[in-house]
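Colleague: Here's the letter readout for the chains.
There are 4 protein chains.
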Amino acid sequence: MKKLLLTGFEPFLDFPINPTEKIVHALDGKAVGDYEIMGHLLPVDFNLAPKEIAEEVMAKKPDAVISLGLAAGRTAITPERIAINCQDGEPDNSGVAPEDKLIEENGPDGYFSTLPIRRMVNRLKEAGYPSAMSNSAGTYLCNNVMYSVLHLLKSANIEVPAGFVHIPASHELAAASKKGMASWSDSDLLEAITLIIKELD
Amino acid sequence: MKKLLLTGFEPFLDFPINPTEKIVHALDGKAVGDYEIMGHLLPVDFNLAPKEIAEEVMAKKPDAVISLGLAAGRTAITPERIAINCQDGEPDNSGVAPEDKLIEENGPDGYFSTLPIRRMVNRLKEAGYPSAMSNSAGTYLCNNVMYSVLHLLKSANIEVPAGFVHIPASHELAAASKKGMASWSDSDLLEAITLIIKELD
Amino acid sequence: MKKLLLTGFEPFLDFPINPTEKIVHALDGKAVGDYEIMGHLLPVDFNLAPKEIAEEVMAKKPDAVISLGLAAGRTAITPERIAINCQDGEPDNSGVAPEDKLIEENGPDGYFSTLPIRRMVNRLKEAGYPSAMSNSAGTYLCNNVMYSVLHLLKSANIEVPAGFVHIPASHELAAASKKGMASWSDSDLLEAITLIIKELD
Amino acid sequence: MKKLLLTGFEPFLDFPINPTEKIVHALDGKAVGDYEIMGHLLPVDFNLAPKEIAEEVMAKKPDAVISLGLAAGRTAITPERIAINCQDGEPDNSGVAPEDKLIEENGPDGYFSTLPIRRMVNRLKEAGYPSAMSNSAGTYLCNNVMYSVLHLLKSANIEVPAGFVHIPASHELAAASKKGMASWSDSDLLEAITLIIKELD
Numbered sequence: 001m002k003k004l005l006l007t008g009f010e011p012f013l014d015f016p017i018n019p020t021e022k023i024v025h026a027l028d029g030k031a032v033g034d035y036e037i038m039g040h041l042l043p044v045d046f047n048l049a050p051k052e053i054a055e056e057v058m059a060k061k062p063d064a065v066i067s068l069g070l071a072a073g074r075t076a077i078t079p080e081r082i083a084i085n086c087q088d089g090e091p092d093n094s095g096v097a098p099e100d101k102l103i104e105e106n107g108p109d110g111y112f113s114t115l116p117i118r119r120m121v122n123r124l125k126e127a128g129y130p131s132a133m134s135n136s137a138g139t140y141l142c143n144n145v146m147y148s149v150l151h152l153l154k155s156a157n158i159e160v161p162a163g164f165v166h167i168p169a170s171h172e173l174a175a176a177s178k179k180g181m182a183s184w185s186d187s188d189l190l191e192a193i194t195l196i197i198k199e200l201d
Numbered sequence: 001m002k003k004l005l006l007t008g009f010e011p012f013l014d015f016p017i018n019p020t021e022k023i024v025h026a027l028d029g030k031a032v033g034d035y036e037i038m039g040h041l042l043p044v045d046f047n048l049a050p051k052e053i054a055e056e057v058m059a060k061k062p063d064a065v066i067s068l069g070l071a072a073g074r075t076a077i078t079p080e081r082i083a084i085n086c087q088d089g090e091p092d093n094s095g096v097a098p099e100d101k102l103i104e105e106n107g108p109d110g111y112f113s114t115l116p117i118r119r120m121v122n123r124l125k126e127a128g129y130p131s132a133m134s135n136s137a138g139t140y141l142c143n144n145v146m147y148s149v150l151h152l153l154k155s156a157n158i159e160v161p162a163g164f165v166h167i168p169a170s171h172e173l174a175a176a177s178k179k180g181m182a183s184w185s186d187s188d189l190l191e192a193i194t195l196i197i198k199e200l201d
Numbered sequence: 001m002k003k004l005l006l007t008g009f010e011p012f013l014d015f016p017i018n019p020t021e022k023i024v025h026a027l028d029g030k031a032v033g034d035y036e037i038m039g040h041l042l043p044v045d046f047n048l049a050p051k052e053i054a055e056e057v058m059a060k061k062p063d064a065v066i067s068l069g070l071a072a073g074r075t076a077i078t079p080e081r082i083a084i085n086c087q088d089g090e091p092d093n094s095g096v097a098p099e100d101k102l103i104e105e106n107g108p109d110g111y112f113s114t115l116p117i118r119r120m121v122n123r124l125k126e127a128g129y130p131s132a133m134s135n136s137a138g139t140y141l142c143n144n145v146m147y148s149v150l151h152l153l154k155s156a157n158i159e160v161p162a163g164f165v166h167i168p169a170s171h172e173l174a175a176a177s178k179k180g181m182a183s184w185s186d187s188d189l190l191e192a193i194t195l196i197i198k199e200l201d
Numbered sequence: 001m002k003k004l005l006l007t008g009f010e011p012f013l014d015f016p017i018n019p020t021e022k023i024v025h026a027l028d029g030k031a032v033g034d035y036e037i038m039g040h041l042l043p044v045d046f047n048l049a050p051k052e053i054a055e056e057v058m059a060k061k062p063d064a065v066i067s068l069g070l071a072a073g074r075t076a077i078t079p080e081r082i083a084i085n086c087q088d089g090e091p092d093n094s095g096v097a098p099e100d101k102l103i104e105e106n107g108p109d110g111y112f113s114t115l116p117i118r119r120m121v122n123r124l125k126e127a128g129y130p131s132a133m134s135n136s137a138g139t140y141l142c143n144n145v146m147y148s149v150l151h152l153l154k155s156a157n158i159e160v161p162a163g164f165v166h167i168p169a170s171h172e173l174a175a176a177s178k179k180g181m182a183s184w185s186d187s188d189l190l191e192a193i194t195l196i197i198k199e200l201d
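Protein chains in written order, with full-length UniProt numbering: chain A, 1 to 201; chain B, 1 to 201; chain C, 1 to 201; chain D, 1 to 201.
For the record, the hints were derived by calculation from the structure and aren't laboratory data. Just to be clear, a hint being listed does not mean it is correct.
20 angstroms max Cα-Cα, derived SDA-like pairs, lysine to any residue [as the list claims (entries may be wrong)]:
hint: 1; chain 1: C; residue 1: Lys3; chain 2: C; residue 2: Thr194
hint: 2; chain 1: D; residue 1: Lys2; chain 2: D; residue 2: Lys198
hint: 3; chain 1: C; residue 1: Lys154; chain 2: B; residue 2: Asp109
hint: 4; chain 1: B; residue 1: Lys179; chain 2: D; residue 2: Arg118
hint: 5; chain 1: D; residue 1: Lys125; chain 2: C; residue 2: Pro16
hint: 6; chain 1: A; residue 1: Lys179; chain 2: B; residue 2: Asp63
hint: 7; chain 1: A; residue 1: Lys3; chain 2: A; residue 2: Lys179
hint: 8; chain 1: B; residue 1: Lys125; chain 2: A; residue 2: Pro16
hint: 9; chain 1: A; residue 1: Lys60; chain 2: A; residue 2: Lys179
hint: 10; chain 1: D; residue 1: Lys179; chain 2: B; residue 2: Asp100
hint: 11; chain 1: C; residue 1: Lys179; chain 2: A; residue 2: Phe12
hint: 12; chain 1: C; residue 1: Lys178; chain 2: A; residue 2: Ile197
hint: 13; chain 1: B; residue 1: Lys30; chain 2: B; residue 2: Ser187
hint: 14; chain 1: D; residue 1: Lys61; chain 2: D; residue 2: Met38
hint: 15; chain 1: D; residue 1: Lys179; chain 2: B; residue 2: Ala97
hint: 16; chain 1: C; residue 1: Lys178; chain 2: D; residue 2: Arg118
hint: 17; chain 1: B; residue 1: Lys178; chain 2: D; residue 2: Glu99
hint: 18; chain 1: C; residue 1: Lys179; chain 2: D; residue 2: Arg118
hint: 19; chain 1: D; residue 1: Lys154; chain 2: A; residue 2: Lys3
hint: 20; chain 1: C; residue 1: Lys154; chain 2: B; residue 2: Glu105
hint: 21; chain 1: A; residue 1: Lys61; chain 2: A; residue 2: Lys154
hint: 22; chain 1: C; residue 1: Lys125; chain 2: D; residue 2: Lys179
Because the structure is a prediction, the values reported are computed rather than measured.
Chain A with its partners taken away, still in its complex shape (with noise of 0.2 angstroms):
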């Protein structure tokens, strides 16, 4: 059986809750299509962050990697289709708040996705969940750690689709929250990304 490295975050920011976790504490150690899952949950760390999801990489040899971030404020499930040789923003949780850094000093300004992105969306689509495709990540670290996995792979010559999928505010996370935001059920969205890791090949 294939192998899927499946990474979520940990809570940043204002967000007491990130739904990524559950999807990947739901998901570790299934079976999914042809794939087994192995979940991994990231810390939200410009340092920690890439090495933590490197090392996942170059020690488990995953014959795919999704990697899942929350972006608060959409309304569908989000593949991105490019991640950009930048770090900017808010603070991390370790308090760093680059500005127009690069991640790699001599990376190429920008790797796409290899994960096969229309066929998510159009299968999500047809099952009846908005999905859309995104071109940008931002600059935050769901962009860092979409970059440095593709980055790597890259240079170590290794050939597994790899890329990053957004995802919407939970319920629970959007009722907790003072501000509106569009949300999901937890049942939709993992049902949601089961369907996306279903179209792997």
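Dock chains B, C and D against chain A, hints included.
Modeller: What follows is chains B, C and D alone, placed relative to chain A:
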């Protein structure tokens, strides 16, 4: 057993689906809390909708009236605080597009909902569903139906709780739409409305 | 010459600047159309603001009352259609945060604006400024001031047009804010309000 | 005196007006800072626009290239950080609607802007204009033109700064639109772009 008149609307404007329709069909004839549900679907028509719901109220003598409407773009279940004496907006399904028209020539400017709306909001949040009070039901059919029912009950001296609750789009509707909008699964929408009904005395 | 009482608000919540303040200062003592402007700045305080504006109305006997408020996030000049008998929301500048409270124990649920709001909207659009009717002034200070003035005038049988107009953020305010919001230059805001005043009979 | 190629676009999609057109006309032939402006209007056409701007660059040998585009809905002047090797989106003005197509078969996935974009953002904010970096120019004509110019300059080894700046709608455009959108006056847009040009070395 008490009787609840629960109304929804047919599809309107650009929306091929109206999720209130499914909720009304699913609950029609069922018992929820102390209430037996009498479901009724209204046309999106400034002339017909107020008449139809008035006839339902007079014929069935419900102990409570909850009208449901779609508020595409809203992220939460939003009980309306007030209906206002105004018809204005896009053409209805018969092509009627009033501007700044009174609903009732001699009616008051506004009527507060007589549903336990704060309790409804609190109950939903407690159950993990995003919910908030809304201060405007607009000036389209939703507001018109809410105003007309409250005016009828007041004029006829009938003391039963009545009001309007707006719901987000369903996933199905959002997935079929070209523009993104917040959405919930039909089952979440149904469960949330069931919880709301249980807050009726 | 007729007299217009034009009110604005001091800064509130997270907003370091209130663009209504500049407008009121700029127009105070000036003549616009048939009106001499009497400007007055109100405190963001549920107890004080309604009293202060009532005193102004009774002392100065204006021929029209226009109150201005900031609606951060709105994209257009929005005359309000209705004020509702409700105080609810975030703490005011004195820390008072009412929930679902009536403004006037025996007041009606709502009062329509008595300003020529449709004409104001049309005039602004004709002049190339985005403008739209708003159906909710919220339940915070803006709504409270609008309700209190309309209730006072009605109770005292004083027939002068009165109402509320919400304006977008200024560029200055938006540039100083961490979150993006629509904004206009102070000079556009001032010109738009001047055009609105000229629509008074 | 140095030469700046400043491009805008003709109207497209539902938008009857493109405010970049006015800016380009207003500045064409003028001197701003150390630069003489050579204005050029581009067609909203996936085949023609990249060719036209390439011809302009090769014929006029500008010392800098700034392309402007309308981002209806954005609230601030947003210099773009990156262009990506992708054509995707609504039909252009010739009815061409590519999906997930590469712009350059063998081009890199992305190109960072070579304009001093952080300085431009800071200068605008200092002057009281909302401004922010954008991490996505989309996948429509704006991104295509930015990518094509950066690819041309890189391929031809021409070291001149080049990039793209998205601007909000103008009041005129927003006032003519049925849906609300943030907008600025034409004179604010013009002044902001003038300030941006002055940040070129």
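Colleague: All the hints need checking, so say for each whether the structure fits it.
Modeller: Status of the hints after comparison with the structure:
no., hint, in the structure
1, Lys3(C) to Thr194(C), "holds, 14 angstroms"
2, Lys2(D) to Lys198(D), "holds, 12 angstroms"
3, Lys154(C) to Asp109(B), "holds, 13 angstroms"
4, Lys179(B) to Arg118(D), "violated, 31 angstroms"
5, Lys125(D) to Pro16(C), "holds, 16 angstroms"
6, Lys179(A) to Asp63(B), "violated, 35 angstroms"
7, Lys3(A) to Lys179(A), "violated, 39 angstroms"
8, Lys125(B) to Pro16(A), "holds, 16 angstroms"
9, Lys60(A) to Lys179(A), "violated, 40 angstroms"
10, Lys179(D) to Asp100(B), "holds, 19 angstroms"
11, Lys179(C) to Phe12(A), "holds, 18 angstroms"
12, Lys178(C) to Ile197(A), "violated, 37 angstroms"
13, Lys30(B) to Ser187(B), "holds, 16 angstroms"
14, Lys61(D) to Met38(D), "holds, 11 angstroms"
15, Lys179(D) to Ala97(B), "holds, 17 angstroms"
16, Lys178(C) to Arg118(D), "holds, 16 angstroms"
17, Lys178(B) to Glu99(D), "holds, 15 angstroms"
18, Lys179(C) to Arg118(D), "holds, 18 angstroms"
19, Lys154(D) to Lys3(A), "violated, 40 angstroms"
20, Lys154(C) to Glu105(B), "holds, 19 angstroms"
21, Lys61(A) to Lys154(A), "holds, 14 angstroms"
22, Lys125(C) to Lys179(D), "holds, 13 angstroms"
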